[in-house]
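Novice: Each chain, letter by letter, is given below.
There are 6 protein chains.
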Amino acid sequence: MIVVIGSAEKSHELNNPFTAGERIEMIRQALRAAGVDPLCCVLVPVPDAEAHTAWVSQVVAYTPRFDIVYTNQALTRRLFLEAEYEVREIPLYMRAEYSATEIRRRMLENGDWNSLVPKEVYDFIREIKGDERIRDLAKTDNAEGEQGGRKGRS
Amino acid sequence: MIVVIGSAEKSHELNNPFTAGERIEMIRQALRAAGVDPLCCVLVPVPDAEAHTAWVSQVVAYTPRFDIVYTNQALTRRLFLEAEYEVREIPLYMRAEYSATEIRRRMLENGDWNSLVPKEVYDFIREIKGDERIRDLAKTDNAEGEQGGRKGRS
Amino acid sequence: MIVVIGSAEKSHELNNPFTAGERIEMIRQALRAAGVDPLCCVLVPVPDAEAHTAWVSQVVAYTPRFDIVYTNQALTRRLFLEAEYEVREIPLYMRAEYSATEIRRRMLENGDWNSLVPKEVYDFIREIKGDERIRDLAKTDNAEGEQGGRKGRS
Amino acid sequence: MIVVIGSAEKSHELNNPFTAGERIEMIRQALRAAGVDPLCCVLVPVPDAEAHTAWVSQVVAYTPRFDIVYTNQALTRRLFLEAEYEVREIPLYMRAEYSATEIRRRMLENGDWNSLVPKEVYDFIREIKGDERIRDLAKTDNAEGEQGGRKGRS
Amino acid sequence: MIVVIGSAEKSHELNNPFTAGERIEMIRQALRAAGVDPLCCVLVPVPDAEAHTAWVSQVVAYTPRFDIVYTNQALTRRLFLEAEYEVREIPLYMRAEYSATEIRRRMLENGDWNSLVPKEVYDFIREIKGDERIRDLAKTDNAEGEQGGRKGRS
Amino acid sequence: MIVVIGSAEKSHELNNPFTAGERIEMIRQALRAAGVDPLCCVLVPVPDAEAHTAWVSQVVAYTPRFDIVYTNQALTRRLFLEAEYEVREIPLYMRAEYSATEIRRRMLENGDWNSLVPKEVYDFIREIKGDERIRDLAKTDNAEGEQGGRKGRS
Numbered sequence: 000m001i002v003v004i005g006s007a008e009k010s011h012e013l014n015n016p017f018t019a020g021e022r023i024e025m026i027r028q029a030l031r032a033a034g035v036d037p038l039c040c041v042l043v044p045v046p047d048a049e050a051h052t053a054w055v056s057q058v059v060a061y062t063p064r065f066d067i068v069y070t071n072q073a074l075t076r077r078l079f080l081e082a083e084y085e086v087r088e089i090p091l092y093m094r095a096e097y098s099a100t101e102i103r104r105r106m107l108e109n110g111d112w113n114s115l116v117p118k119e120v121y122d123f124i125r126e127i128k129g130d131e132r133i134r135d136l137a138k139t140d141n142a143e144g145e146q147g148g149r150k151g152r153s
Numbered sequence: 000m001i002v003v004i005g006s007a008e009k010s011h012e013l014n015n016p017f018t019a020g021e022r023i024e025m026i027r028q029a030l031r032a033a034g035v036d037p038l039c040c041v042l043v044p045v046p047d048a049e050a051h052t053a054w055v056s057q058v059v060a061y062t063p064r065f066d067i068v069y070t071n072q073a074l075t076r077r078l079f080l081e082a083e084y085e086v087r088e089i090p091l092y093m094r095a096e097y098s099a100t101e102i103r104r105r106m107l108e109n110g111d112w113n114s115l116v117p118k119e120v121y122d123f124i125r126e127i128k129g130d131e132r133i134r135d136l137a138k139t140d141n142a143e144g145e146q147g148g149r150k151g152r153s
Numbered sequence: 000m001i002v003v004i005g006s007a008e009k010s011h012e013l014n015n016p017f018t019a020g021e022r023i024e025m026i027r028q029a030l031r032a033a034g035v036d037p038l039c040c041v042l043v044p045v046p047d048a049e050a051h052t053a054w055v056s057q058v059v060a061y062t063p064r065f066d067i068v069y070t071n072q073a074l075t076r077r078l079f080l081e082a083e084y085e086v087r088e089i090p091l092y093m094r095a096e097y098s099a100t101e102i103r104r105r106m107l108e109n110g111d112w113n114s115l116v117p118k119e120v121y122d123f124i125r126e127i128k129g130d131e132r133i134r135d136l137a138k139t140d141n142a143e144g145e146q147g148g149r150k151g152r153s
Numbered sequence: 000m001i002v003v004i005g006s007a008e009k010s011h012e013l014n015n016p017f018t019a020g021e022r023i024e025m026i027r028q029a030l031r032a033a034g035v036d037p038l039c040c041v042l043v044p045v046p047d048a049e050a051h052t053a054w055v056s057q058v059v060a061y062t063p064r065f066d067i068v069y070t071n072q073a074l075t076r077r078l079f080l081e082a083e084y085e086v087r088e089i090p091l092y093m094r095a096e097y098s099a100t101e102i103r104r105r106m107l108e109n110g111d112w113n114s115l116v117p118k119e120v121y122d123f124i125r126e127i128k129g130d131e132r133i134r135d136l137a138k139t140d141n142a143e144g145e146q147g148g149r150k151g152r153s
Numbered sequence: 000m001i002v003v004i005g006s007a008e009k010s011h012e013l014n015n016p017f018t019a020g021e022r023i024e025m026i027r028q029a030l031r032a033a034g035v036d037p038l039c040c041v042l043v044p045v046p047d048a049e050a051h052t053a054w055v056s057q058v059v060a061y062t063p064r065f066d067i068v069y070t071n072q073a074l075t076r077r078l079f080l081e082a083e084y085e086v087r088e089i090p091l092y093m094r095a096e097y098s099a100t101e102i103r104r105r106m107l108e109n110g111d112w113n114s115l116v117p118k119e120v121y122d123f124i125r126e127i128k129g130d131e132r133i134r135d136l137a138k139t140d141n142a143e144g145e146q147g148g149r150k151g152r153s
Numbered sequence: 000m001i002v003v004i005g006s007a008e009k010s011h012e013l014n015n016p017f018t019a020g021e022r023i024e025m026i027r028q029a030l031r032a033a034g035v036d037p038l039c040c041v042l043v044p045v046p047d048a049e050a051h052t053a054w055v056s057q058v059v060a061y062t063p064r065f066d067i068v069y070t071n072q073a074l075t076r077r078l079f080l081e082a083e084y085e086v087r088e089i090p091l092y093m094r095a096e097y098s099a100t101e102i103r104r105r106m107l108e109n110g111d112w113n114s115l116v117p118k119e120v121y122d123f124i125r126e127i128k129g130d131e132r133i134r135d136l137a138k139t140d141n142a143e144g145e146q147g148g149r150k151g152r153s
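Protein chains in written order, with numbering that gives the first Met the number 0: chain A, 0 to 153; chain B, 0 to 153; chain C, 0 to 153; chain D, 0 to 153; chain E, 0 to 153; chain F, 0 to 153.
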């Protein structure tokens, strides 16, 4: 099984707060916590492509060969379907709670988010001060748009 | 006459669903349907530039020489004016109906859009399943932001 | 003192209407108008980086050596803090009025903006027709999204 | 028939002296000179991709649909073969003489190059001072490497 | 242990013939063939950065945390030293023979290269026709430079 | 007078060993050493453009307004001539000795290079260990090509 870590170049954005390397560490810890054999998975960070039409070939270039694509994202699904891959949905578990959006929301509001992630992941995020980073990213000088940073920010 | 197909690298976005190649095919079919001599036009796909200030020189580099720019886009108009080109408006015909936005809206709602495009273009879009693509792009997993895809997406 | 002119590749956007070169001219005129010795400052335009994580090393690469970072932007502050720089706030003067957002708002509405900038800067903006540019950028053909222009526009 | 004008973003290099737009004008003139119906061809400038693995999908995205690829370039052939396209060679006519390399060599040495191109193309190149441009590009200050210019120059 | 697969976006070049995904598969097979516990390693493809000065922060962003860098490349060593990492050399085994350059040379000349790689890697390369790809990439139409392909090719 | 520091994103290459920021510091020290009023000059780092045809508009966008271009580089001269700027040569002083190439050659061979630069520049380069950097960049593992680093390296 290959786990693609998409938008690998992104981090330090409210919807994408962690670097690819931090996401790799968290996924490895979550798998270990769940008792999954880490041998089962190849984690591959893949940066965004220059164009949506290059996305499929970029994923293919960065990863070992695969036959079936699992995704719940409409765009990813569409692009792989047009490239004639078999695409399947990922069954989600208690979507309303166990979603990155909900977890980030609670971090922002200093709510209880530790019950939503494995203890190992919680410890990791605290160690790298990830929740503090998210709260910092939410603060913006409202009188002015942010300027420094990443190309192509909206 | 040169027809610039802008943002040529873009596709598979709700406001830009078709590839440059698909747009070339549609324009050629629309011209043929309108009985226009296809010799009249040179269609040139031009990707977005790294900076607005490079946009004029990029259009100039990709296209045969020209003297007058026809556009209704405020930014394009401004950039060519500052580069000392003559810029003119394109008279639009029944703008409320014959607009890409209206056509895409009807596709999304499975409304009647075939009356708004030439039959040849309608057949082409159906053949490449373009309306299905647009409906797919409109579906997003609302609990999470889309991640995979094109650099610089907002 | 080094003044970083961020997003140096951007211009001709409502929130970023001026080129890096125009911003250099305005800052030099404002310093001169304030009687500041221009020798005190090195103005350095720095383009946005490909990734937020590359932003700090890009600023370091473009500028003479420095020890302390002054910024009021949450993202810039966060990135430099994580890279172990000392980061300080810039005390702002009458923020509600003397903000770029307020000045641009008045330009758009043909209001009185000349009282908010030094006379030299006012003359410069008029000379390059900067207020006209901002009013032009605000005009968009509402039936259609803008297309030509800069990669990664949202 | 679709004619792809590759490396469309390149120009002003010794091996790639002309812009995509200039190449479009020359090919149109050569076709006209040869009595070929210009309706036969769609000329499509395609910029280089970020990665070789994205090249095929980029060509597909920029062009109308096609089934067979004609090329004499080993890399292009290989990439399309791996993407399962049929690839055929282009029979060349008097290769030693009618080659861009030979023509550029003669331009550099002020030799007789007008016998190697159609009169219309000769006139066009003279009009845009293309031969002078090539001789200029060949001049370099040998004590120093060139610096300004295009990203990724070797 | 983290193994960085550098220049991850490159492939189909004589000195870089394989995609990042193919390189991942080969390294995993070589580790398995050597009886190394695959759990020991995290393989991380990292694309080249926009600037050498961004390379260190890009590696840091793509990978789990690390303390020591092992490399025999002078540039990589220099960049990490300047960023105050500890950098060590990798002891090489029978360098003259077991080098990628020597293996590629033998592939090109249809020589005996299977004795230089583990059987599993040999089988993989034959399965994806990697040796044929390398021989294809070496063929170039000498009268003309290659044009299509990757940005920034020299 | 505006001094453009070209290829501002480059550094850590044998022909381009210093960052833009380091080059700014050196030029300021050389000017001061020569007794030139630093007010005379605006130093502006400008990164390479995506295409040669965008280079002129990029320089214009990054710099205060100017009328005449001084350069000894054939490409820069050509591009500004085609954009209808007046271009002049820079008279060089004792070119054989006072050239960056000669200075770098001596650094590599541990020769006497301090007589070729102002004392302040010599001290700066020693302080940042610039000569050591150049000697490091010259060392390459000859059996293998370098891989990590900057996009578009040849």
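The set of hints was computed from the structure by calculation and includes no laboratory data.
Treat the hints with caution; some may be incorrect.
Stated by the list, open to error - Covered stretches of chain A (chain C as the covering partner; in silico rule of three or more C-beta atoms under 8 Å from a C-beta of chain C): (1) 9-20; (2) 111-122.
Said to hold, decoys possible - Label pairs and their calculated CB-CB ranges: (3) E/Cys40 to A/Lys128: 43 to 51 Å; (4) C/Cys39 to E/Cys40: 39 to 47 Å; (5) D/Asp122 to B/Ala73: 37 to 45 Å; (6) E/Glu131 to A/Pro90: 23 to 31 Å; (7) D/Cys39 to B/Lys118: 22 to 30 Å; (8) F/Arg134 to E/Arg87: 53 to 61 Å.
Claimed, not checked - Simulated coverage check for chain B against chain D, where a stretch passes if three residues somewhere in it have a Cβ under 8 Å from a Cβ of chain D: (9) 60-72; (10) 112-119.
Quantities reported herein were computed from a predicted structural model and do not represent experimental measurements.
Where is the CB? At the ideal position from N, CA and C, for every residue including glycine.
Novice: All hints are to be evaluated individually against the structure, with a verdict given for each.
Specialist: Here's how the hints hold up against the structure:
| no. | hint | verdict |
| --- | --- | --- |
| 1 | 9-20 | holds (count 5) |
| 2 | 111-122 | violated (count 0) |
| 3 | E/Cys40 to A/Lys128: 43 to 51 Å | violated (28 Å) |
| 4 | C/Cys39 to E/Cys40: 39 to 47 Å | violated (52 Å) |
| 5 | D/Asp122 to B/Ala73: 37 to 45 Å | holds (39 Å) |
| 6 | E/Glu131 to A/Pro90: 23 to 31 Å | violated (42 Å) |
| 7 | D/Cys39 to B/Lys118: 22 to 30 Å | holds (25 Å) |
| 8 | F/Arg134 to E/Arg87: 53 to 61 Å | violated (19 Å) |
| 9 | 60-72 | holds (count 5) |
| 10 | 112-119 | violated (count 0) |
Going down the numbered hints, you'll see the structure goes against 2, 3, 4, 6, 8 and 10, while the others check out.
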